[in-house]
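Novice: Each chain, letter by letter, is given below.
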Amino acid sequence: MSDPRFHVSVSPHLRDTATIGSIMWTVSAALAPQLVLAAWIFGPRVLLLAAVSVGSCVLCEAAMQRGLGKKVTVRDGSAVLTGLLLAYVLPPGVPLTLPFWGGVFAMCIAKHLFGGLGANFFNPALIARAFLAVGFPVAMTTAWIAPFAWHGAADAVSTATPLYLLKHYGAAAMFQQYGAHAEALRHFFLGIRPGCVGETSTLLLLLGGLVLIWRRIITWHIPAAMLGTAALLAWVFGGETLFTGDPLLHLVTGGMFLGAFFMATDYVTSPSQPRAKLLYGVGAGALTMLIRFKGGYPEGVCYAILLMNCLNPVIENAFRPKRFAAPLPKPEPKPAAKPEAKPAPDASQKDGEGRK
Amino acid sequence: MDYFLMFISAIFVNNILLAQYLGNCPYLGCSKEKGVSIGMGFAVVFVAVMATAFTFIIQKYILVPYDLGYLQTIVFILVIAGLVQFVEMFLKRMVPPLYKSLGIFLPLITTNCAVLGIAILVQRKEYDFATAVFYSFAAGMGFMLALVLMAGIRERLAIARVPKAFEGTAIGLVMAGLMSLAFFAFKGMIA
Chain P
1 MSDPRFHVSV
11 SPHLRDTATI
21 GSIMWTVSAA
31 LAPQLVLAAW
41 IFGPRVLLLA
51 AVSVGSCVLC
61 EAAMQRGLGK
71 KVTVRDGSAV
81 LTGLLLAYVL
91 PPGVPLTLPF
101 WGGVFAMCIA
111 KHLFGGLGAN
121 FFNPALIARA
131 FLAVGFPVAM
141 TTAWIAPFAW
151 HGAADAVSTA
161 TPLYLLKHYG
171 AAAMFQQYGA
181 HAEALRHFFL
191 GIRPGCVGET
201 STLLLLLGGL
211 VLIWRRIITW
221 HIPAAMLGTA
231 ALLAWVFGGE
241 TLFTGDPLLH
251 LVTGGMFLGA
261 FFMATDYVTS
271 PSQPRAKLLY
281 GVGAGALTML
291 IRFKGGYPEG
301 VCYAILLMNC
311 LNPVIENAFR
321 PKRFAAPLPK
331 PEPKPAAKPE
341 AKPAPDASQK
351 DGEGRK
Chain Z
1001 MDYFLMFISA
1011 IFVNNILLAQ
1021 YLGNCPYLGC
1031 SKEKGVSIGM
1041 GFAVVFVAVM
1051 ATAFTFIIQK
1061 YILVPYDLGY
1071 LQTIVFILVI
1081 AGLVQFVEMF
1091 LKRMVPPLYK
1101 SLGIFLPLIT
1111 TNCAVLGIAI
1121 LVQRKEYDFA
1131 TAVFYSFAAG
1141 MGFMLALVLM
1151 AGIRERLAIA
1161 RVPKAFEGTA
1171 IGLVMAGLMS
1181 LAFFAFKGMI
1191 A
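Chains as they are written, first to last, in our numbering: chain P, 1 to 356; chain Z, 1001 to 1191.
These aren't lab readings, by the way, just hints derived from the structure by calculation. Incorrect hints may have been included.
[Stated by the list, open to error] The calculated lysine-lysine pairs, modelled on DSSO-like cross-linking and capped at a C-alpha distance of 30 angstroms, are: (1) Z/1032 / Z/1100; (2) P/167 / Z/1164; (3) P/70 / Z/1092; (4) Z/1034 / Z/1187; (5) P/294 / Z/1100; (6) P/330 / Z/1100; (7) Z/1032 / Z/1125; (8) Z/1092 / P/322; (9) Z/1187 / P/330; (10) Z/1164 / Z/1125; (11) Z/1125 / P/70; (12) Z/1164 / P/71; (13) Z/1032 / P/330; (14) Z/1034 / P/322; (15) P/294 / Z/1125.
[As the list claims (entries may be wrong)] Here are some, though not all, of the chain Z residues that point toward chain P, as calculated from beta-carbon distances under 10 angstroms: (16) 1068; (17) 1124; (18) 1125; (19) 1130; (20) 1159; (21) 1174; (22) 1178; (23) 1182.
Every value quoted in this text rests on a predicted model; they were computed, and no experiment measured them. For each residue, glycine too, the CB sits at the ideal point set by N, CA and C.
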């Protein structure tokens, strides 16, 4: 503040320089290294994918806002971020119509029908992914590209993700394809593996997530609770017998880090109280592992977060902060004998007296 | 069949509302407030269990032996309507506060397709009596879960700036569709 004297103003008194735009662009920047890596691993095609997705989201946001007579706010970057996240959760080999329709669904239906930024209940990128998984099931489950396949052959070589192999052929088959245990984990950690565009590199996503925590854009609660729960459950139930599972393997495969740091922490669709955040993270981690172990899909992060999105209003309500104020005056006990005898005028009069 | 698996399956995997799309009218009608949705949920659980028990006996000892299967729908509806009427009279006489808090929703259960759906589903799956009653209880709980989740969401929807054309039931239906997409998570979990 430039003025050293007392500053008199109405509340709120705590101020910050953060704006929607600054937050959205920072998150996008924290995600960017992964896109570069994906372009290097899967080929420049993923840049096209991201461009279509972002373009579709921005256009739809602008069109919806204009059509509904609202201010067009595409410059705040929220549509760009949604588009980027949508591209990140798609397999790299999908046809370009998928990111386009995904963007239309995310913006028009999941976001703007519910009132725009801040009013959507589901993470737009994830619900768009769920929509695409139902609408284009073949492309969404088979369009994987093997790392560096684009250097050699002209066409993409399709392959299977580590989690798919793990689910359908067991751990042995997976390590046979990806090398010995330590080597495979190293590759998964660095991001040299097939998978969705933006989920491959645990390292880059972790760094991006730490930047967000350092910039105070997200707090540690949700990622820590989600990753911790998932690791614990992977250790307990992941092996042949109890307590012999491999927690590291489950953390570095699939979209665990992308989900924990960038999807589950979405302000709009996650709770705001610290304890509620912990519960939310634990739920997301547990559901992820439930789907990975028992569900019909190899990967469960997307659906786990969507289910927690469903639960979010109930969680948020259960963890309301305490009021720091004088207790409300107790409502005067009504005469029990006549509950239906014109309660309305009576009650309003009493209310009026109470406030004086 | 393992009862625990069946419970999980009926609540999450084959949720009567979000996976089988039955009972959408109370889902939209009684989800404006959490208290009402819980009351409605319990009422549906109760009626569903009772109706399944009664219709099971009727199906087994009257409809099947006399080859009257084509009367199933009308007989089941009659049983459910009679049961609701009975429950209503019982509550009105014995537990007036509960009767009052349920209000119009109690008679409306008669036309709740989820209750009829449960009663017919257990016939189609050819469960035995105990399993059928247990399944109806679990399915009712699944109905209640979806209803309470929806109520939480709609309490927040009330303050959102939804486009004019989509206010009320329309946005509720969109929401139901999106929730159903999220419940695809459980697809394939238990056969």
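Novice: Each hint should be assessed against the structure and marked as holding or not.
Specialist: How the hints compare with the structure:
For the suggested pair residue 1032 of chain Z and residue 1100 of chain Z, the alpha carbons sit about 18 angstroms apart, so the restraint of at most 30 angstroms is met. Note on residue 167 of chain P and residue 1164 of chain Z: the hinted pairing is violated, with a Cα-Cα distance of about 46 angstroms set against a maximum of 30 angstroms. At most 30 angstroms may separate the alpha-carbon atoms for a hinted pair to count; residue 70 of chain P and residue 1092 of chain Z exceed this at roughly 51 angstroms. The straight-line distance between the Cα atoms of residue 1034 of chain Z and residue 1187 of chain Z is roughly 27 angstroms, inside the 30 angstroms bound, and the hint therefore holds.
Of the pairs offered as hints, the one joining residue 294 of chain P and residue 1100 of chain Z is violated, with about 43 angstroms between alpha carbons and a cut-off of 30 angstroms exceeded. Only pairs whose Cα atoms come within 30 angstroms are accepted, and residue 330 of chain P paired with residue 1100 of chain Z is accepted, the gap being roughly 24 angstroms. For the given pair, residue 1032 of chain Z sits about 34 angstroms from residue 1125 of chain Z by alpha-carbon distance, which is inconsistent with the 30 angstroms threshold. For the given pair, residue 1092 of chain Z sits about 39 angstroms from residue 322 of chain P by alpha-carbon distance, which is inconsistent with the 30 angstroms threshold.
Taken as a hint, the residue 1187 of chain Z and residue 330 of chain P pair is broken in the structure, with Cα atoms around 49 angstroms apart against an allowance of 30 angstroms. The hinted pair formed by residue 1164 of chain Z and residue 1125 of chain Z fails the criterion: a straight-line CA distance of about 44 angstroms is larger than 30 angstroms. Straight-line distance between C-alpha atoms of residue 1125 of chain Z and residue 70 of chain P comes to about 52 angstroms, which puts the hinted pair past the 30 angstroms bound. For the given pair, residue 1164 of chain Z sits about 16 angstroms from residue 71 of chain P by alpha-carbon distance, which is consistent with the 30 angstroms threshold.
The straight-line distance between the Cα atoms of residue 1032 of chain Z and residue 330 of chain P is roughly 26 angstroms, inside the 30 angstroms bound, and the hint therefore holds. Between the alpha carbons of residue 1034 of chain Z and residue 322 of chain P the distance comes to roughly 21 angstroms, so the proposed pair stays at or under 30 angstroms and holds. The straight-line distance between the Cα atoms of residue 294 of chain P and residue 1125 of chain Z is roughly 23 angstroms, inside the 30 angstroms bound, and the hint therefore holds. Residue-level restraint check for residue 1068 of chain Z is violated (minimum Cβ-Cβ distance to chain P is 40 angstroms; threshold 10 angstroms).
For the restraint placing residue 1124 of chain Z at the interface with chain P, the shortest Cβ-Cβ distance is roughly 23 angstroms, beyond the 10 angstroms limit, so the hint is violated. The restraint placing residue 1125 of chain Z at the interface with chain P is violated, with a minimum CB-CB distance near 20 angstroms, outside the 10 angstroms limit. This hint is violated: residue 1130 of chain Z has a C-beta 25 angstroms from the nearest C-beta of chain P, more than the 10 angstroms allowed. The interface hint given for residue 1159 of chain Z holds, since its Cβ lies 8 angstroms from the closest Cβ of chain P, which is under the 10 angstroms cut-off.
Given the 10 angstroms rule on beta carbons, the hint for residue 1174 of chain Z holds: about 6 angstroms separates it from the nearest Cβ of chain P. For residue 1178 of chain Z, the interface hint holds, since its Cβ comes within 10 angstroms of a Cβ in chain P; the closest pair sits about 6 angstroms apart. Checking residue 1182 of chain Z against chain P: minimum C-beta separation of about 4 angstroms stays under 10 angstroms; hint holds.
When the structure is compared with the earlier hints, violations turn up for hints 2, 3, 5, 7, 8, 9, 10, 11, 16, 17, 18 and 19 and for no others.
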